[in-house]
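One-letter residues, chain by chain:
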Amino acid sequence: MNGFHQPEFIGLKDQPSHRIRCPIHGFIHFSENERQVLDHPLFHRLRFIRQLALTEYLYPGASHTRFEHALGVMEVATRMFDSLAARRGDEMQKTFEGLADFTDRPMAQARQALRLAALLHDVGHTCFSHAAEKVLHKDSSHEAVTIQIVENPNLLGSTLEGVFWPGCGKLVGQIVDGIPSLQPQLQVLHDIISGQMDADRTDYLLRDAYHCGVDYGRFDHRRLIECLELHSGDLGQMRLALHEDGLHSFEALILARYQMNTQVYQHRVRQVYDIYLQRYFRTLAEEEPDEITDVVALNDVVMMSRIMADAVHAQGVRRKWAARIAGRDHHRVVYSTGANARVHETRRSKGVLDALERKYPDREFLSGPASGSIHNLLLRDDREREAEDAEAGKKGYVELMLIGRDGQARHVDEQSQVIGYIPREFEAVRIFVDIASDERALLEEMRSFATDTEWQLARH
Amino acid sequence: MKLKLNLSSNDWDHALLAAVVNEAHKVASAHDNFVGRTSIQKIMYFLKALGVPMSYDFEMHHYGPFSSSILRDMEWLIADDVIADLSKEPQEYSNYAPGEGLKQLLSDHQKGLKQHNERICKLAKALAPLKPEQLELIATLDYLLRWEKATGGSGPWKPRVVDRFMEVKKEKFSRKRVEDAYDVMKNAGFLAE
Numbered sequence: 001m002n003g004f005h006q007p008e009f010i011g012l013k014d015q016p017s018h019r020i021r022c023p024i025h026g027f028i029h030f031s032e033n034e035r036q037v038l039d040h041p042l043f044h045r046l047r048f049i050r051q052l053a054l055t056e057y058l059y060p061g062a063s064h065t066r067f068e069h070a071l072g073v074m075e076v077a078t079r080m081f082d083s084l085a086a087r088r089g090d091e092m093q094k095t096f097e098g099l100a101d102f103t104d105r106p107m108a109q110a111r112q113a114l115r116l117a118a119l120l121h122d123v124g125h126t127c128f129s130h131a132a133e134k135v136l137h138k139d140s141s142h143e144a145v146t147i148q149i150v151e152n153p154n155l156l157g158s159t160l161e162g163v164f165w166p167g168c169g170k171l172v173g174q175i176v177d178g179i180p181s182l183q184p185q186l187q188v189l190h191d192i193i194s195g196q197m198d199a200d201r202t203d204y205l206l207r208d209a210y211h212c213g214v215d216y217g218r219f220d221h222r223r224l225i226e227c228l229e230l231h232s233g234d235l236g237q238m239r240l241a242l243h244e245d246g247l248h249s250f251e252a253l254i255l256a257r258y259q260m261n262t263q264v265y266q267h268r269v270r271q272v273y274d275i276y277l278q279r280y281f282r283t284l285a286e287e288e289p290d291e292i293t294d295v296v297a298l299n300d301v302v303m304m305s306r307i308m309a310d311a312v313h314a315q316g317v318r319r320k321w322a323a324r325i326a327g328r329d330h331h332r333v334v335y336s337t338g339a340n341a342r343v344h345e346t347r348r349s350k351g352v353l354d355a356l357e358r359k360y361p362d363r364e365f366l367s368g369p370a371s372g373s374i375h376n377l378l379l380r381d382d383r384e385r386e387a388e389d390a391e392a393g394k395k396g397y398v399e400l401m402l403i404g405r406d407g408q409a410r411h412v413d414e415q416s417q418v419i420g421y422i423p424r425e426f427e428a429v430r431i432f433v434d435i436a437s438d439e440r441a442l443l444e445e446m447r448s449f450a451t452d453t454e455w456q457l458a459r460h
Numbered sequence: 001m002k003l004k005l006n007l008s009s010n011d012w013d014h015a016l017l018a019a020v021v022n023e024a025h026k027v028a029s030a031h032d033n034f035v036g037r038t039s040i041q042k043i044m045y046f047l048k049a050l051g052v053p054m055s056y057d058f059e060m061h062h063y064g065p066f067s068s069s070i071l072r073d074m075e076w077l078i079a080d081d082v083i084a085d086l087s088k089e090p091q092e093y094s095n096y097a098p099g100e101g102l103k104q105l106l107s108d109h110q111k112g113l114k115q116h117n118e119r120i121c122k123l124a125k126a127l128a129p130l131k132p133e134q135l136e137l138i139a140t141l142d143y144l145l146r147w148e149k150a151t152g153g154s155g156p157w158k159p160r161v162v163d164r165f166m167e168v169k170k171e172k173f174s175r176k177r178v179e180d181a182y183d184v185m186k187n188a189g190f191l192a193e
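Chains as they are written, first to last, in my numbering: chain A, 1 to 460; chain B, 1 to 193.
These aren't lab readings, by the way, just hints derived from the structure by calculation. Glycine residues also receive a C-beta, built at the ideal position from the N, C-alpha and C atoms. Just to be clear, a hint being listed does not mean it is correct.
Quick list of simulated restraints, FRET-style, between CB atoms [claimed, not checked]:
1) B:Lys172 / A:Asn152: 37 to 43 Å
2) B:Ser154 / A:His243: 52 to 58 Å
3) B:Glu171 / A:Asp104: 40 to 46 Å
4) A:Lys359 / B:Lys172: 54 to 60 Å
5) B:Lys172 / A:Arg410: 21 to 27 Å
6) B:Lys131 / A:Leu12: 30 to 36 Å
7) B:Asp183 / A:Arg218: 53 to 59 Å
8) B:Glu118 / A:Pro16: 46 to 52 Å
9) A:Lys359 / B:Glu100: 37 to 43 Å
10) B:Met166 / A:Glu291: 55 to 61 Å
11) B:Glu133 / A:Pro16: 48 to 54 Å
12) B:Gly152 / A:Gln417: 43 to 49 Å
Only chain B is shown next, with the shape it has when bound in the complex (with noise of 0.2 Å):
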């Protein structure tokens, strides 16, 4: 399919965005799970974290990491159908999905976005299936971890991190549930230890 209006067929971020949808899609699928805007910004800010080239500016947000421009650019690309939105109600919830444009651009991009292949696999297969406050929390964690290790010092970590993410949160989260999501984290590779 031909990109219309040529709004995302030679950037590097779009190519990016619709990758990650792809495959955020593949793995929430088989979890009777959908894509929405906070799996998407989480994929893609842990994509920075692990140094994959965008040019995306994320805000520090009591709700975690967030780039509005990237909300902005799904717009574009919904509107020359690279991604579809399947929700029923897009002004409250976001369901992407594959559009019929996303081969071509992925295709545009295909010597690029292999370099970068495993990780959007790895983050899609470990995030896509969570909840929006699961995201959350575990961005949060990372933001925290980075913290307390620009301080200095050898660690162990864990204690101080969660610590202050009681701090910041009040009750929000159960300790448990913080040291639980830091372990699995840490044993998946995502946290910066």
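The following block holds chain A by itself, in its conformation from the complex (with noise of 0.2 Å):
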């Protein structure tokens, strides 16, 4: 099934009307009510978060914000949307008609729903990004503010309501959430948004590269989008594909997440700073918000003024770790694991810890995990041991397909020789010493007994 189908609007107010500048896609075009989206205090707030938290104090460039990543999300997510349309629109239409939800226009509602999704994936980010949200809504996660934002009245449902449709609120939140909420007929949404070759990923990778001025994060994504293709599930339902030209442009995409993670994501002064704003902000345990209100409420300009000032007049802890960080003072690596580092590893590192602390009693040590995913693709050994439906060959890999120029469905690591050699994920545990820069003698010795600690650690 076939079928060219053009973009769709549900009516006048939801064709492009407006456009913005934008580093990585040129103009963003959006329409008279996605606007009254764009100006809710609620998306606003997104000019005053930083994409990357305080990577900008290892990569200076690196002070973009999750409003300009919001509307490349949606920008991205279109085009991927406009894709597939053009190429599988009949499908794609049967799909969203059996909706009880699509009631006017299914192309166009689907097409709105998911530009909406897009845009708001990040709305539920505090300040600083992912190095906050741990301590500042700790029983939460931002996800799920970001759910309560599009779905609770008070915040941005009534506006999705009253804009767009009734109900649109609940099911833009669905296509973020993903299942169980999602209707399993909307899936393919859900995957561009957040699966293996998703809007998310693709712009963050070419905006932090950009931003930070490294060439790593860039790709074909142009070539990426042109050959995404759909495929039915185990269950029946319409997954996100790929045909085979596309293969390279997928296999940079998986390198540059890769070397991204390793050169910037993960960089060791990055951890180090999100280390410290954990620090802070647990200092500040006593004024944890309780309501999103609060929450939404903080941002990284309100938030680094209070670190300045805390830094200068706060007392203890408290002051310790702002000024760490309003100064620009930090620990240094002594010991790191593998990138990849195991349960045993781990459990090493924790006796390297140990060792350090009983050594350099007078020294403080920091310590923490440095964790990012790379891919989560299904591969030929997981298959193997899938087919023996034993509990080890069950571990929510995904299924990505690559659909042949003869329309046959095979898996992407059959006709990749690169991928299955690039790691799934990144994960590092480092130990950090505050020491001076001109202690340097005494930053190899204890590098060197870390080192030999963990030799002889494994040994045992």
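Since each chain sits alone in its own frame, please combine them into the complex, following the hints.
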């Protein structure tokens, strides 16, 4: 089933009538109705939340915000949807027509819901993005806050319902959230927002690389979008797939994720400032925001201003961590596991930390994991284990299908010479020490001691 | 016990996993069963369905919903002694139990966990005694019910869901077994009819 479908719009006010410049995608167009979301204070606040927290201490250009990323994800998601509709429009129309929520113009409503989900997928972030969320709304996550914001009538819910259609807010929340709340027929929309080759990672890789001034995150995303396909999942759900002509672009995407994780997202300097932020926020524990309105009132500007003041006027550990952040004065790495640390290696790092603390009792050590997902693809070995139907074979890895010129679907790793060699995760545990820059010899001594200790622990 | 490496001391998802292991272990032990990977996955999936906040993204597989991030986080929790894996062959199967650091993590998140404790206990009680195959059956039924309901109408849902189940799962389960599982889940309040 094929059928070319032009982009459809629900009404006149849903047609693109405004535009905004983007350094990555050129002009991004949006409608009068979407403008009401963009101008909403809950979305506007993303202008004051940096995409990469304090990564700018390492890459000074990385001061871009969640606001421009959200617009970029909406643009990429739309291009993905339109690319699919141009080749597989009939199949998409048939799927969306069967849904009770799409009563008016199914293709137009699905496209609009996707654009809104892309635009709002990160609206629940608080100050310093991931660095702070574990502390500042510790009984939740930014994803859960996002769902609340788009569904709650007192937040963005009533705007979405009033401007677009009744039930729109809930639908947008489902697309962001995925199963089980997602209607299975809309799985492909979730795949476009959050999958192995989604609009979110496409935009942030390109955007973060651009602002950091590195080339690692770049890949031929236009080719990838042109090669998107559809495939039927195990239970009949419509899944995102890839035409074989897009294989090398996809490989480049995975490699870009690997390199951005090793060089930017999990960089040791970025990690130590994330630890400082978490330690600082813990000193504010008595002020932990209970209400969602308190969480969304926070942003980087408000919090950085407070950190600067606390670096001078606060007392005790609050002042200590604030001063570290405000003065860019950080600990140095004394030990790190490999980039693919498993349970045993992680456990050994505990022993290394114990030994360091015993040998250098007057020094302060900090430790923590640096962890990022590279890909989550089901590979040949996993399929063989899955076929045995034992618990060991069930790991939740994703089956991404490559559609050949002959129309046959094959597993992506069967056609790729590269993907099987790229690790799924970057996972390392690092130990940092408080040491002055003129204590280089002592730092080297500590590093040797840590390495020797780890070696001895490994032998036992 | 101090969580030495700070792998999990302030992470809501980890606290939720620890609470689920704690409850499921109590129930499974009473039934002479153990808590494996599938039990944890399915309890977390149904908790998410009941609206408990978490950042895990589930994928629907032929063996039911599964989140590889949960599997990865369980390894962090084991490394930090929050959870223990008592399995003699951890590459083949897991046998999760509370570890030394579990109490502290639960205590750190006492306030948040208290809001969801009833749901955690209820799901652990219902699902922890079940075998992986039974868990696959009920999670798939839940998924297919959501599919049918999304198309509109007012039911009855059971015949439509069971028909669709037999269509996609072929001979793996008998129709009688599927119908019985549907009734059990409905009566327990786990199916969103």
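Here's how the hints hold up against the structure:
no.	hint	verdict
1	B:Lys172 / A:Asn152: 37 to 43 Å	holds, 41 Å
2	B:Ser154 / A:His243: 52 to 58 Å	violated, 41 Å
3	B:Glu171 / A:Asp104: 40 to 46 Å	holds, 41 Å
4	A:Lys359 / B:Lys172: 54 to 60 Å	holds, 59 Å
5	B:Lys172 / A:Arg410: 21 to 27 Å	holds, 25 Å
6	B:Lys131 / A:Leu12: 30 to 36 Å	violated, 57 Å
7	B:Asp183 / A:Arg218: 53 to 59 Å	holds, 55 Å
8	B:Glu118 / A:Pro16: 46 to 52 Å	holds, 48 Å
9	A:Lys359 / B:Glu100: 37 to 43 Å	violated, 25 Å
10	B:Met166 / A:Glu291: 55 to 61 Å	violated, 48 Å
11	B:Glu133 / A:Pro16: 48 to 54 Å	holds, 51 Å
12	B:Gly152 / A:Gln417: 43 to 49 Å	holds, 47 Å
Checked against the numbered hints above, the structure violates hints 2, 6, 9 and 10; every other hint is satisfied.
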